[in-house]
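Colleague: Take the sequence shown: its letters are residues -26 to -1, 1 to 660, numbered as in mature numbering (1 follows the signal peptide of the UniProt record, and there is no 0).
Note that these hints are calculated values from the structure, not bench results.
Just so it is clear, the structure is predicted and the values come from calculations on it, not from any experiment.
Worth double-checking, as some hints may not be accurate.
To be verified - Subject to a maximum C-alpha distance of 25 Å in a straight line, what follows is the list of computed PhoX-like cross-link-like pairs (lysine-lysine): (1) Lys108 - Lys626; (2) Lys398 - Lys449; (3) Lys233 - Lys95; (4) Lys131 - Lys42; (5) Lys233 - Lys71; (6) Lys506 - Lys210; (7) Lys558 - Lys449; (8) Lys210 - Lys71; (9) Lys468 - Lys558; (10) Lys645 - Lys131; (11) Lys402 - Lys655; (12) Lys626 - Lys655; (13) Lys575 - Lys506; (14) Lys506 - Lys456; (15) Lys626 - Lys210; (16) Lys645 - Lys198; (17) Lys198 - Lys655; (18) Lys468 - Lys42; (19) Lys645 - Lys575; (20) Lys108 - Lys95; (21) Lys655 - Lys210; (22) Lys498 - Lys468; (23) Lys42 - Lys233; (24) Lys42 - Lys210; (25) Lys655 - Lys131; (26) Lys131 - Lys575; (27) Lys42 - Lys108; (28) Lys575 - Lys558; (29) Lys71 - Lys42.
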Amino acid sequence: MSKFTVLWLALVATAVSPGLVPGVDAKAPRQSQCQPCSNGNDQEQQYTAGPFHYPTATSVRYATSVGKPTAPPPTYAPAPAEATSLVLPLEYTTWGKWNPWVPNFGQEGVNGRYGKNAWSKMWSLANLPNFPPKTSVFSTTVVPTPVPTSELVFPPKDHFGPSSDTGCCYTFPPNFMFGVAGAAAQIEGAIADQGRSPALPDVLGIIPSMANDYTTDEHYYYYKQDIERLAAMGVKYYSFSVSWTRILPFALPGTPVNKQGIDHYNDVINFVLEKGMVPVVTLMHFDPPVQMFSSLINNLDGLSFATGIFSQFAPTAGNSSLTGSIPRQGMGVDMKKLTDLAKLLGFGGLVELSGLGGNSSSSSIPHNVTFHDAFLNYAKVVMTHYADRVPLWVTVNEPQMFNYDSKAIDGILRAHASTYHFYKNELKGTGNITIKFANNYGVPRDPTSDADVYAADWFNSFAIGMFADPLFHGKDYPVSFKALYPNHTPLTPKDLEFMNGTVDILSFDYYSSTVVSSPVAGDKDSILACTKDASHPLRSSQCVKAEFVDKNGWSVGYRSQSYVRTTPTLLRSYLNYLYTNWRKPIALTEFGFPVFAEGEKELTDQLFDTPRTTYYLSYLSELLKAIWEDGVDVVGAFAWSFADNWEWGDYKAQFGLQTVNRTTQQRHYKKSFFDLVDFMKSRGAE
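Modelling step: build the complete structure from the supplied sequences, incorporating the hints.
Modeller: Structure below.
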């Protein structure tokens, strides 16, 4: 074991990154980056000139597609015909496409509690500006065509690539999941087509200067061609989310199931399998139905959403401390606008829904329904229709995000655990269940400072521990959570027993890391003092200073269009931190890089995205070191995203492995896609 390895492991034990070691002795000898080359003798270099020739053309390489299956895919649960008996009776219906200019459908069945008029009214009350969009290209599913060979030619390689300290290439373990990811709200568009009802992301377009999600990549109709393009590049796993409001437009238990929504995702999964790929399905990716917000739904019969968001609706009662703001992905828009919106919508109300529907006798919302009840019912409907073909399920994406009330944390924990028990014990599913944590790894600004190390431990225990401790170990909330949420709902021993062990894979989305220090330099007690002061300016960052600059004034890494910095060694440190604390197989379920001002470049320059290649290959190189040098059990990596898309009110932060012309919906592969696939395949990934 080298001195470097010993030092690195020691730093990991204190949650310190090897890339953030301040105060190194300036007189210390410089570490050699390579061994001297030899020309075979000790003679002085000789200089010669000979006939000049232009470089010869290199041989053309092409991407290799995923092989089509030669046998039926494995199954992981009973077929839908049998499985749906667990949630019967189910009523299936359709609602069609909402047209704001035709408020009355004039058809049979338009009336009634869940009829077409009731469905149309939800959209009318949403009062979305500039809807319907004028830019939609598709209105039916696009028939896929093979990707032309000319699009699959490898680009020129970068001169410098990832290297190993040992001079060899590590390989990925057998059955390592290599894939790409997307999410319904960010890629589908067609938000009011085929029975879908309003979801939370749809209202973001109400905020001035924020782009809407009305069309995005039109993946809802273009999904077959998108999957065709992924398969042609050799991608094995496709991770996507199901839209709750496409499956259950009225959201809650006892309401009809949208047959068009069920058929759509059936076709998505079947086409993924037909192309020799494997589906990974997320149940909720930042797109809960508007019915989940009691402040909105209590006014459904009398107020427009647009008016209510800015003047009428107050946050649901709960803790006033706003401790859930964790930076996420691109979000090139004003973060304050997003956090204000989340407060106004009452994200804490996500679980406190008793009495939904108010006093209106015409309300279509049942009373005394909780988020737990609604989510579990939705999960049962989805799983019983698709679980026979899906090996990995994600219940909730990044549950730490925008939870401004501890009741939301409690409700998500209970909903996740109940979904796990349903899948394993009632459905008898043999696949894996996970919940996908947001990245927010904090490293101490000064690793020699007890206060900064304490601050990093505090920060990380809150960010991950509030979910991971109950779900992985059956342990109560960490001290940091209890201090920041003094009025939290306590977890009883029975609760913890029910939650314990309900995650099969520790899944997390890692984009970048944060430098953490105590509010007052050198004083860890200043953290606890902050928790007792509701007006403290650091409440929103869990009562620690969080920044992107280390003690010596250097940024933690090369910056992108958004907050993301390239921090590969910190990924390795984080993998060690997670595995040390929770001892479960780990999947990196999102990682990606939005190149600065990429959308302002000419197309050829957008496609030659070397900074993104550097990001992906350096992260994966450190991931391999974590596996082989540190003994961390990493089982998968999913790139975000397979194409440029809607980043929660913004199109400027482009994370995609493909460009998207949103006028024509034409896609182009970026160089990083080829480099990523080449790296994975050359190291043994399927």
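Colleague: Between Lys42 and Lys108, does the CA-CA distance stay at or below 25 Å?
Modeller: Violated - the C-alpha atoms of Lys108 and Lys42 are around 38 Å apart, more than 25 Å.
Colleague: Below or equal to 25 Å on CA atoms is what counts here, so check Lys108 against Lys626.
Modeller: Holds. Lys108 to Lys626 sits at ~20 Å (cutoff 25 Å).
Colleague: Lys506 and Lys456: Cα distance at most 25 Å?
Modeller: Within the cut-off at roughly 12 Å; holds.
Colleague: Holds or violated: Lys42 with Lys233, Cα cutoff 25 Å?
Modeller: Violated. Lys42 to Lys233 sits at ~29 Å, over the 25 Å cutoff.
Colleague: Are the Cα positions of Lys506 and Lys210 separated by 25 Å at most?
Modeller: With Cα atoms ~50 Å apart, Lys506 and Lys210 exceed 25 Å; violated.
Colleague: Given the hinted pair Lys402 and Lys655, is their alpha-carbon gap at most 25 Å?
Modeller: Roughly 34 Å between the alpha carbons, so the hint for Lys402 and Lys655 is violated.
Colleague: Next pair to validate is Lys131 with Lys575; report whether the Cα-Cα distance is within 25 Å.
Modeller: 21 Å, holds
Colleague: Would the hint linking Lys626 and Lys655 be met if the CA-CA limit is 25 Å?
Modeller: 31 Å, violated
Colleague: Please work out if Lys655 and Lys210 have their alpha carbons no farther apart than 25 Å.
Modeller: 11 Å, holds
Colleague: CA of Lys233 to CA of Lys71, is that 25 Å or under?
Modeller: It holds: about 14 Å lies between the C-alpha atoms, which stays within 25 Å.
Colleague: Between the alpha carbons of Lys398 and Lys449, is the straight-line distance 25 Å or under?
Modeller: Roughly 21 Å separates the two Cα atoms, so the pair holds.
Colleague: With a cut-off of 25 Å on the C-alpha distance, tell me whether Lys558 and Lys449 pass.
Modeller: With Cα atoms ~15 Å apart, Lys558 and Lys449 stay inside 25 Å; holds.
Hints 4, 6, 8, 11, 12, 13, 15, 18, 22, 23, 27, 28 and 29 from the list above are not met by this structure, while the remaining hints are.
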